[in-house]
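Each chain, letter by letter, is given below.
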Amino acid sequence: MIYLDNGATSLHKPQAVHRAVANALQRCANPGRGGHPASLEASRQVYACREEASKLFRCPAERIVMTTNCTHGLNIAINSLIPPDSRVVISGFEHNAVTRPLHARQVKIRVAGRRLFDWADTLESFEQALKSGADAAVFTHVSNVFGYILPVEQMAALCRHYGVPFILDAAQSAGVLPVNMEDLGAAYIAMPGHKGLLGPQGTGLLLCGRNPKPVLFGGTGSESFSQSMPAYLPDQLEAGTLNVPGIAGLAAGLHYIQDRGTENIFRQEHRAMARAAADLHALGFRPFTGEHQAATVSFVPEMDSEEAAQILAKQGVAVRAGLHCAPLAHESAGTLETGTVRISFGHDANPSQNAHFRRALTKIIPSGR
Amino acid sequence: MKQSYITFRSVTFAQKAERILKRAGMDCTMQRTPKELSQRGCGYCLGLRPGQVIRAAELLDAEKVDYGKLYAVSLEGKYEEIHV
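Heads up: the protein sequence lines correspond to chains A and B, in order. Per our numbering, numbering through the first sequence is continuous, rising by one, with the last residue being 387. Per our numbering, numbering through the second sequence is continuous, rising by one, with the last residue being 86.
Incorrect hints may have been included.
[Claimed, not checked] A short, non-exhaustive set of chain B residues, derived as facing chain A with CB atoms under 7 Å:
{"hint": "1", "residue": "Lys4"}
{"hint": "2", "residue": "Gln5"}
{"hint": "3", "residue": "Thr9"}
{"hint": "4", "residue": "Thr14"}
{"hint": "5", "residue": "Gln17"}
{"hint": "6", "residue": "Lys37"}
{"hint": "7", "residue": "Leu39"}
{"hint": "8", "residue": "Cys44"}
{"hint": "9", "residue": "Gly45"}
{"hint": "10", "residue": "Gly70"}
{"hint": "11", "residue": "Lys80"}
[Claimed, not checked] List time: in silico DSSO-like cross-link candidates among lysine-lysine, alpha-carbon distance up to 27 Å:
{"hint": "12", "chain 1": "B", "residue 1": "Lys37", "chain 2": "B", "residue 2": "Lys4"}
{"hint": "13", "chain 1": "A", "residue 1": "Lys231", "chain 2": "A", "residue 2": "Lys126"}
{"hint": "14", "chain 1": "A", "residue 1": "Lys73", "chain 2": "B", "residue 2": "Lys24"}
{"hint": "15", "chain 1": "B", "residue 1": "Lys66", "chain 2": "A", "residue 2": "Lys73"}
{"hint": "16", "chain 1": "A", "residue 1": "Lys231", "chain 2": "B", "residue 2": "Lys4"}
{"hint": "17", "chain 1": "B", "residue 1": "Lys37", "chain 2": "B", "residue 2": "Lys80"}
[As the list claims (entries may be wrong)] In silico contact screen, one side only, chain B against chain A (beta carbon under 8 Å); selected entries:
{"hint": "18", "residue": "Arg11"}
{"hint": "19", "residue": "Ser12"}
{"hint": "20", "residue": "Val13"}
{"hint": "21", "residue": "Phe15"}
{"hint": "22", "residue": "Arg42"}
{"hint": "23", "residue": "Gly43"}
{"hint": "24", "residue": "Lys71"}
If you are wondering where the hints come from, they were derived from the structure by calculation, not from laboratory data. In this text the structure is predicted, and so the values were computed from the model without any measurement. Cβ coordinates follow ideal geometry from the N, Cα and C atoms, glycine included.
Produce the entire structure from the sequences given, and follow the hints as far as they go.
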């Protein structure tokens, strides 16, 4: 199978990730709970992951919280930073992982910047929204549907200028684009461990620039006499037993990425995406492409997008179709009714994947065309 | 004195400290905090040779690592807090 659904999760992990998970399953007990070697080893594995993440994202290790996925991190961040009735600015390309928690908080949402791949529009609309009064901003680094890379450094600078705290959703960028907590000055940055960071599913990271509120309460292995959660990170947000095998795998993924270099991974993935977009054009499809694009490309086929994805799957190509949990992004691009077929490349992108994809594409060209 | 300890509120800080001290060439061992030293219940500490604890505290201060208290254990097994 040619796997081109890395926007959902990276399927092909480095061998080091497999080994780290297996090793942790054999050797690690509950971290932070005991003084015996198996518990201490588990704690070391978890701390090693924090250290790897600390180097990559320039965030102190103890301010990196282990989550179960990006959505988990975003929920903590939104719950901590944004009280009900706040005025919140978001981009026109947000995932439901951002919009649903905001709706649940009953905040006043202002959508800023709806034009795909248009930094001028994004920045102008965003600044206008901040100027007119905002309590917080939440924005994605890369659109999960279209691969649009938003100008997050400039958006962060605008937030700092207007004194508006912000949350960055790095679901599609962590591991392939620079994400620097120190430079951005975010209140929180949430990311999954299982996509670009190449860890197992059930892992995620929340980088905390502020003091958050816990959403889970329970044992932490610290301050056990107290019936309140510890008031310091990471214990404050890490109630219950951590997913140590997953975290050990994530540490291996982070190490692999730093070894290869995010720029090199991005270059390889981007080359494959550009080839796929060119093939789509050549075969008469109209992919959404632009200057600021990551390794994801979407198009609207001349049939139901789910049906097209099914045909591609029968040809051995795994892609995703539909709304990709991001109706707002589709509304912005005018594809809410049709959805899109999304192709997203990963760290193992190579020309043979492109060749296979091109052959499979010929099967979804309508017979009358 | 036969041993000294630095206590920490959580395992994460104990690990951070362990890495820093080991990088500085100090011999230390992470372990659960003895009950007598754990005022709030459950925690981790680093066990060090008695002559190293002040130097260790200086290193942790320089790296802004959050630690609790410093203790020495006498030959009779009594814990005594060390004030820097």
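To see whether the hints hold, each was checked on the structure:
1. Lys4: Because about 19 Å separates Lys4 of chain B from the closest Cβ in chain A, which is outside the 7 Å limit, the hint is violated.
2. Gln5: Status violated, d = 15 Å.
3. Thr9: violated (11 Å)
4. Thr14: It holds, given that the least Cβ distance between Thr14 of chain B and chain A is near 5 Å, below 7 Å.
5. Gln17: holds (4 Å)
6. Lys37: Not OK, violated: Lys37 of chain B not within 7 Å of chain A, min 11 Å.
7. Leu39: violated (13 Å)
8. Cys44: holds (4 Å)
9. Gly45: Holds, about 6 Å.
10. Gly70: Constraint on Gly70 of chain B not satisfied, violated at 11 Å.
11. Lys80: violated (21 Å)
12. B:Lys37 to B:Lys4: holds (18 Å)
13. A:Lys231 to A:Lys126: Holds, at roughly 21 Å.
14. A:Lys73 to B:Lys24: Judged against 27 Å, a Cα distance of about 19 Å means the pair holds.
15. B:Lys66 to A:Lys73: Holds. Lys66 of chain B to Lys73 of chain A sits at ~17 Å (cutoff 27 Å).
16. A:Lys231 to B:Lys4: Roughly 42 Å separates the two Cα atoms, so the pair is violated.
17. B:Lys37 to B:Lys80: Distance ~13 Å between Lys37 of chain B and Lys80 of chain B Cα, so the pair holds.
18. Arg11: Holds: closest Cβ of chain A sits about 6 Å from Arg11 of chain B, inside 8 Å.
19. Ser12: It holds, given that the least Cβ distance between Ser12 of chain B and chain A is near 4 Å, below 8 Å.
20. Val13: holds (4 Å)
21. Phe15: Holds, about 7 Å.
22. Arg42: Status holds, d = 4 Å.
23. Gly43: Status holds, d = 4 Å.
24. Lys71: violated (15 Å)
Violated hints, listed in ascending order, are 1, 2, 3, 6, 7, 10, 11, 16 and 24; each of the other numbered hints is respected by the structure.
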